[in-house]
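Q: One-letter residues, chain by chain:
There are 2 protein chains.
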Amino acid sequence: MACIYSSSVSSISAKLNFTSLSNHKPRFFCSLGGAVAEPKAVNATEPLLLNAARGKEVERPPVWLMRQAGSYQLLCEKHPSFRERSENVDLVVEISLQPWEVFKPDGVILFSDILTPLSGMNIPFDIVKGKGPIIFDPIRTAADVEKVREFTPDESVPYVGEALTILRKEVNNEAALLGFVGAPFTLASYVVEGGSSKHFSKIKRLAFSEPKVTFTAWFFTRYFKNSQAPWLNTFSTKLTRELKPFRFSTRGPRNLARRFQEFSLPYLKQIVDTVKRTHPNLPLILYASGSGGLIERLPLTGVDVVSLDWTVDMAEGRKRLGPNVAVQGNVDPGVLFGSKEFITERIKDTVRKAGKGKHILNLGHGIVVGTPEENVAHFFEVAKGLRY
Amino acid sequence: MACIYSSSVSSISAKLNFTSLSNHKPRFFCSLGGAVAEPKAVNATEPLLLNAARGKEVERPPVWLMRQAGSYQLLCEKHPSFRERSENVDLVVEISLQPWEVFKPDGVILFSDILTPLSGMNIPFDIVKGKGPIIFDPIRTAADVEKVREFTPDESVPYVGEALTILRKEVNNEAALLGFVGAPFTLASYVVEGGSSKHFSKIKRLAFSEPKVTFTAWFFTRYFKNSQAPWLNTFSTKLTRELKPFRFSTRGPRNLARRFQEFSLPYLKQIVDTVKRTHPNLPLILYASGSGGLIERLPLTGVDVVSLDWTVDMAEGRKRLGPNVAVQGNVDPGVLFGSKEFITERIKDTVRKAGKGKHILNLGHGIVVGTPEENVAHFFEVAKGLRY
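Protein sequences, first through last, are from chains S and E. Residue numbering for the first sequence follows full-length UniProt numbering, beginning at 1 and increasing consecutively. Residue numbering for the second sequence follows full-length UniProt numbering, beginning at 1 and increasing consecutively.
Check the hints yourself; a few may be wrong.
Same chains, same names: a pair is fine if it fits in one copy or spans any two.
As the list claims (entries may be wrong) - No farther apart than 30 Å at their CA atoms in a straight line, the calculated lysine-lysine pairs in the DSS-like style are these:
{"id": "1", "residue 1": "Lys147", "residue 2": "Lys319"}
{"id": "2", "residue 1": "Lys353", "residue 2": "Lys319"}
{"id": "3", "residue 1": "Lys78", "residue 2": "Lys353"}
{"id": "4", "residue 1": "Lys129", "residue 2": "Lys353"}
{"id": "5", "residue 1": "Lys129", "residue 2": "Lys56"}
{"id": "6", "residue 1": "Lys276", "residue 2": "Lys202"}
{"id": "7", "residue 1": "Lys269", "residue 2": "Lys78"}
{"id": "8", "residue 1": "Lys384", "residue 2": "Lys356"}
{"id": "9", "residue 1": "Lys131", "residue 2": "Lys202"}
{"id": "10", "residue 1": "Lys131", "residue 2": "Lys169"}
These are calculated hints, taken from the structure and not from any lab test. Note that the coordinates shown come from a computational prediction; the quantities given were computed from them, not determined experimentally.
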């Protein structure tokens, strides 16, 4: 599976203590996930999540959590640098496997960050505890753009491929392996704003200004598109070579219908098309938080699965998406603070509303810091006990 | 007009510098606005905004901005306490009139805060520069609730009525006068969480837990409902006595369809019903930021106008609302960082998509700190020059 994400912590859940990262607000997630086209790819042991994403008959909805994690906090204390945790193969593997070892979800997602590619693009950044991401030299002019280096994944982020290879062996086809990348507009927003932003006024100033500056904004978007496509292909090759999947994301709560149409949709579609040309059977998931007003447009990207945020009623979301795309989501992460009876009831309600098949059960947002671990365990237990 | 709001700064725009308040994140806004039923109420000089809210024929959409303000920053330096600015009659009047004097909008909104009623409910709070609202003793148990005093508007917040009376004379029927209050669940969220919150895990823990605690949460909600209704009535009486309108709000970006159905809709509906019994012609506006997935449900509250946030395409929002309710909004506040040509084009696009009549032009969120003042002036100039 492949995903496009926009949060630095989007690949791992923070079921115990995620305080150090809690200020880094996730944005518009697009997840592109997929698996192999090779002859032997689809077999009896194919992970449930892949089958559901492909619309095949399954006995229950597969389940995983966005930002799922195990004993993450302990690891944060030992390795306080987020970049170290997300760029060191051993740590990436360890963190990615934590939830797998504890909860056996149907999907194991690579621990990474949407900003990870920036390290290979001459855009220095850090992710600071309590502050979130910081881009040291925000890119706001054509001259700034000139300094940006073309992204070559194998050279710049070799640990990603290496970690995927190890994870593939560890998970051993018992679950789907998911990767993820941030979508073009999301990354452009970070590098223009200089980090997280509430109103995105700097990138909007560029995007909504006179043609010359607008061109600069567009150039960014294209630039990131061109950088992401090869990365996603590297990811995809790694995943498909290993007969495994991947995930991908963009910024959304701030994505007006029209802005989505202009600045996100065309590039997402190009990325999906590019990946599908070489990896036609790699399911792609798109997560767009805050996209309640855009639901009908999301399948136009060509993804296989649209992940709904929790503000949308699953029955209405399922209907608005149409029958050709699978759906992921969308239990309110706040439900995991409720009673076990309440959690059970909401899981069943969501699964019932999503309908039989083409549904990957998940939260409608990343798991929240402070969520009781026993409730996460209960969530997985109930979900895995369901049968259509 | 009457509005229900959830932001401390929701009644005033921050077109120049709103830094001191920028960290106080607005939530789910519901605006209930209205005007008089008295025989002489509807006359030739009736403000455009009232006529549009009532579905009467108008030559152009009326226009005002959420959080509109004039030289607010200068005033903030002189009076650094937000509570002083929002609770002192002279300051409330001065701030409320600033945008009126500069831009002559079709609506003048009372400068106030959704937390204002707390001062009369024995719930001590402050709004701290750079931090937002702080509730000193968050309410989380039934015992805490016992300490909450019934809210008597005339005794606790007399400055609100006094300011409205002065504003009424100053505006002199040339524009609609708007008041606003926070909706029950919004206020409950603040007092339970202790201030602004990202995930609302504390109130969700209460709301989603075993019956006993759930009852507590429900009691809160009812409590606030009961406190808001009389306030809104006081507001309404003041406004209608002066032949003028009002506005009202609740929390939304975090309002899942189902939570809205359970925790917001019934109370909002009761409030609307209560106000309408005594002030049947007072138009009520509901603003629910982040409600792209809930649009069809918003008119069920019984309000006259639904304010759409900027993530929704106006044509789709208008269609999803149905023909019986007026619509407010919803230009992206980021557009005001763009070129004048771009601003003009987006205004026209929004007005065209909203259709003729039953539309109040506004942003789809409060105006953003740092918005160029000349662009705000341009926004009003273009909007007021439009004709259907």
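Q: Each of the hints needs a verdict: does it hold here or not?
A: Going down the list of hints, with the structure as the test:
no.	hint	result
1	Lys147 to Lys319	neither (46 Å within a copy, 46 Å between copies)
2	Lys353 to Lys319	both (10 Å within a copy, 24 Å between copies)
3	Lys78 to Lys353	neither (43 Å within a copy, 55 Å between copies)
4	Lys129 to Lys353	neither (39 Å within a copy, 44 Å between copies)
5	Lys129 to Lys56	neither (42 Å within a copy, 55 Å between copies)
6	Lys276 to Lys202	neither (33 Å within a copy, 43 Å between copies)
7	Lys269 to Lys78	neither (41 Å within a copy, 52 Å between copies)
8	Lys384 to Lys356	within (15 Å within a copy, 52 Å between copies)
9	Lys131 to Lys202	both (19 Å within a copy, 23 Å between copies)
10	Lys131 to Lys169	neither (35 Å within a copy, 47 Å between copies)
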